[in-house]
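On the provided structure of chain B, position chains C and R as indicated by the hints.
Here is how the chains run, residue by residue.
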Amino acid sequence: MLTYVTRRLLYTILLLAIVSLTIFFIFDLIPVDPARLVCSKQCTPSLVEANRHRLGLDVSVFEQWWRFMVGLFAGRTFGEEGIAITCAAPALGYSFSRHECVTTIVSQAFPYTLSLALGAFVLWLSVGISLGVLSARKKGKFADRAASVFVLVGTSLPTFITGILVVLFIVLQFNLVSPLELGNWHNPVTEPLGWLQTFFFPCATLALAYAATYTRFTRSNVIETSSEDFIRTARAKGLSEKVILRKHTLRAALAPIVTIAGLDFAGLLGGAIITEGIFGLNGLGKLSIKAVTQTYDLPIIVATTLIASAFVLLMNLIVDIAYAFIDPRVRTS
Amino acid sequence: MAENILELHNLTKFFPAKAGGIFSRAKGEVRAVDGVNLTVARGETVGLVGESGCGKTTVGRTVMKLYEPTAGRIIFDGEDITNLKRQEMKPIRSKMQMIFQDPFSSLNPRHTVGTIISSSYTIHGIEPEGGVEHSVRELLTLVGLNPEHINRFPHEFSGGQRQRIGIARSLALKPKLIVADEPVSALDVSIQAQVINLLDDLQKEFGLSYLFVAHDLSIVQHISDRVVVMYLGKVMEMAPTRTLFENPRHPYTKALLSAVPIADPKIGRSRERIIVQGDLPSPVNPPSGCVFNTRCWKAQDICRTAVPETIQIAPQQTVACHFPE
Amino acid sequence: MSKFLEVTNLNVTFPTADGDVHASNEVSYSVGLGETLAIVGESGSGKSVSNLAVMGLHNVTRTKITGSAILNLSDGPVDLISASPETVRRLRGKEMSMIFQDPMSALHPFFSIGDQIAEAWHLYNKGSKSDGIKKAIEMLDLVGIPDASVRVHDFPHQFSGGMRQRAMIAMALVNNPSLLIADEPTTALDVTVQSQILKLLKDLQNEFNMAIILITHDLGVVAEVADRICVMYGGRIVEDASVEDIFYRPEHPYTLGLLNSVPRITSGLSHRLRAIPGQPPSLINLPSGCSFQPRCEYSSRVSSGACTESVPALNDKGSGHLSRCHLDIADLNDLVKDKA
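Protein chains in written order, with this note's numbering: chain B, 1 to 333; chain C, 1 to 325; chain R, 1 to 340.
Same shape as in the complex, but just chain B (with noise of 0.2 angstroms):
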């Protein structure tokens, strides 16, 4: 077991290293130069090196990566001439445009990427799961053709349509949220119901069309896991059906639903941008748009990918080992 996740430990820094240079790579092949867009009409030739040189871009790509890197565990130093300023470990680089150190816009909008994903994660786990043994279990009845309904409505609708819905109806015109308190952060520790009436709607649209899928991933699972030939020996020795459901099946139709729920979890985690505009919530999916679209600003666009690769990666590895834990063939190859 130790060798197992030793050995994931090292492959994940290794696909990071690759992973973040080739982002840097990649932002250098795109056509767009930051250094002009900051500037626009006023450019002149001199203006733009100048630029180019606080941005970092007048080194090779590996000297960039590299000083990132550094940046991340020793802090780093931007600009020069009186007007530097350090941004503390980890530094992710520094916004010119709004003269402000990455890693504090990333850290303001990160806790509500955070509430959103799990928020999410929870609700469409718990529901998806439910649904799929009942439908599993009720397998031709009532119950399960319902529940198919709900899946098909679930994969069908896109999250910018349910998530107007969701706005002009429950939020608007039954006024469950005052439009004014929509995107307001509350610290769910302190204010847990404050935090409830931010995140409540925002997280079931997003959970919807998880939901759904897992939803039919359960159902089919548990419905086959049934016909093992290792539940028929469960049957044999005298166990009760509530027994072998809870103990048995469940626990190896749900191994492959670990893989899939971690990594659905980590793409979430850079961000939901549909959803975090629909409902006016400063995520880093937010961000990431907004500094697209809007600003062109290059250190926070960096930095948003590295995150959501970043996040990727470890739960790959997180995910992996979780595996190995639940089924014994993995941790003994």
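No lab work stands behind these hints, which were simulated from the structure alone. Do not take every clue at face value.
Residues on chain C that point at chain R, a partial pick, calculated with CB under 10 angstroms [said to hold, decoys possible]:
1) Met89
2) Lys90
3) Pro91
4) Ser158
5) Asp200
6) Ser218
7) Val220
8) Pro265
Straight-line C-alpha distance at most 27 angstroms; calculated DSSO-like pairs for lysine-lysine [unchecked claim]:
9) Lys3/R / Lys64/R
10) Lys126/R / Lys254/C
11) Lys290/B / Lys139/B
12) Lys126/R / Lys242/B
13) Lys139/B / Lys3/R
The following label-pair restraints were derived from C-beta to C-beta distances [stated by the list, open to error]:
14) Ile223/B / Leu33/R: 16 to 26 angstroms
15) Arg242/C / Ile223/B: 52 to 62 angstroms
16) Trp66/B / Pro146/R: 11 to 21 angstroms
17) Leu152/B / Asp201/C: 52 to 62 angstroms
18) Thr187/R / Ile223/B: 45 to 55 angstroms
19) Pro109/C / Gln108/B: 37 to 47 angstroms
20) Leu9/B / Leu33/R: 37 to 47 angstroms
21) Phe104/C / Lys247/B: 25 to 35 angstroms
Virtual Cβ for every residue (Gly too), placed ideally from N, Cα, C.
Frame of chain B; chains C and R shown alone:
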């Protein structure tokens, strides 16, 4: 014309075994086939027997060049095919064919029976006398199926019938050698007999040679002229069928024969039973010396250290043992 | 004198897209303590289905079962067919156990061998977790697993095929049932391992005085271990006799056909196998009359033509040897002479 249709000289096939460790290097190998020597004469049936992990299936597939041999030589119809590449093997493949174990997965479910059988002609670009369809119908009749069913799909046939389709397919190009990999194991007992009789008849009619890979000794005894007994990648004993079954000289052969259940209560319950202890060692880490030493009741020190030579212990009977019976 | 399990007129039917499958038709058999009954048949003969129904392992909603299967327990008989599913469940693993063909897929891949055995024990015994593991070690020892105290924590994929089957046997016997149903227990195993397992079953039977029902298609295995044999074909029992009667004095053309079609190590070489022509019948559309008739060489000898019209009854032609055939005694002697 060479007397032997097939000769295997020191045939070896190792597969890399993935290992643990941080960097997952290939650590060690699965020694599936380790130095096998055997011949199949024209018109002869050689039975290749052994239990799981003995390498008999790998031998069959390596002979067909479905696997590339790690070492050793394969001489087919006088020609050394060991190192022939895929393109060069193509004309050879029309002369050697294979019948597979599972009649349910070895036929493409989306092809009609006619397509399956005629695929051999299509692949080799051969136009048989009388046309493809005529030949396919003839083959169907030959294997005891109704030629009117030429446009049916595999799922419309029973297991035994599908196996017959597989046989018809293998016969299309009039091969000289057929490697049959457990052709009747997946069939019901009463159907097994039908297919075995068919294979017998076809051999007589076309002068086919068979390399018959199986674990069921009763069937092997019935159909083979000579038998090769394998264990953990090595040949333990080789002899004409009658000799092997009446006078086995290798302890493993003896144990194997005594373990085969006999459909006769009086004989079955009164004979000497040798119950072999323990489990099969891993082919990644076979025992040193004689591979059977860990389970052999006669094992001595030399058995643990020295690989026994294959000796000719009787006319046409060879044994690889330090202390043959 | 009643035997431990007495199955009478068992009918098992279940619906499929193509029609109702009559998997088991008026099947009757019995087995006593210390006795081994072999139920022999090919695929589609109904041998497994009948026993799954007896154990209550069939699909309760879709399968229709009539008849009776009486378990003569020490505190009174129980009819497994008419009893509630809960009653039958409480007998599973305790008075009757079943082991299956493929031990790899029959064991849960995520739980250790010890946990799975202990789970069976905990169901009917009070004790702590370590008590359960101790019992599991004891059982693994009993079935001949070396280093049981270490291997009890291993997972199924770490055991070889033979060892897995031993572990299955250990799990089935942990609560000392009086009946063990073994459904093709050695079919997936190598022949040397098979003889080990068969010997183990025999030894355990002697030690615990169990009744064993062995379901198989292998006549060799049956000759080695069975006391009594029921031959099934097309969902019906066609012959029911002692092991010697079946092998030396068969009274049904199908039994005879089976015996002739199996190659024997002991017989001389290369006499042509006498195969039974045709295919086993579909259980959805059973032929009218005797289900073996389409493949039978002897039906022409039945002058009344009864073979195509009526299903023969299971007759006792003397000394507890039952067979389901219209042929009369005179023709029977020809049958035996035909035997290879």
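Given the hint that Lys126/R pairs with Lys254/C, does the C-alpha gap stay at or below 27 angstroms?
-> This hinted pair is violated, its Cα atoms lying about 48 angstroms apart.
Do the numbers back the hint for Val220/C, that is, is its least Cβ distance to chain R under 10 angstroms?
-> holds, 9 angstroms
Would the pair Lys290/B and Lys139/B pass a check requiring their Cα atoms to be no farther apart than 27 angstroms?
-> violated, 47 angstroms
Could you check the hint for me, namely that Phe104/C and Lys247/B are 25 to 35 angstroms apart, CB to CB?
-> holds, 33 angstroms
Cβ distance range 37 to 47 angstroms for Pro109/C and Gln108/B, holds or violated | violated, 59 angstroms
Lys90/C as an interface hint toward chain R, with CB separation required under 10 angstroms = Violated: closest Cβ of chain R sits about 36 angstroms from Lys90/C, beyond 10 angstroms.
Does 52 to 62 angstroms hold as the CB distance between Leu152/B and Asp201/C, or does it fail?
-> holds, 58 angstroms
Is 52 to 62 angstroms a correct range for the gap between the Cβ atoms of Arg242/C and Ile223/B?
-> holds, 54 angstroms
Mind checking the hinted window 16 to 26 angstroms against the Cβ distance between Ile223/B and Leu33/R?
-> About 40 angstroms separates the Cβ atoms of Ile223/B and Leu33/R, which means 16 to 26 angstroms is violated.
Note whether the CB distance of Leu9/B and Leu33/R lies within 37 to 47 angstroms or breaks it.
-> Given a distance of about 59 angstroms, which is not inside 37 to 47 angstroms, the answer is violated.
Trp66/B paired with Pro146/R, Cβ distance criterion 11 to 21 angstroms | For Trp66/B and Pro146/R the Cβ distance comes to about 57 angstroms; the hint is violated.
Would you settle whether the hint for Pro265/C is holds or violated, based on the nearest Cβ-Cβ distance to chain R being less than 10 angstroms?
-> holds, 5 angstroms
In this structure, the earlier hints numbered 1, 2, 3, 10, 11, 13, 14, 16, 18, 19, 20 are contradicted, and the remaining ones agree with it.
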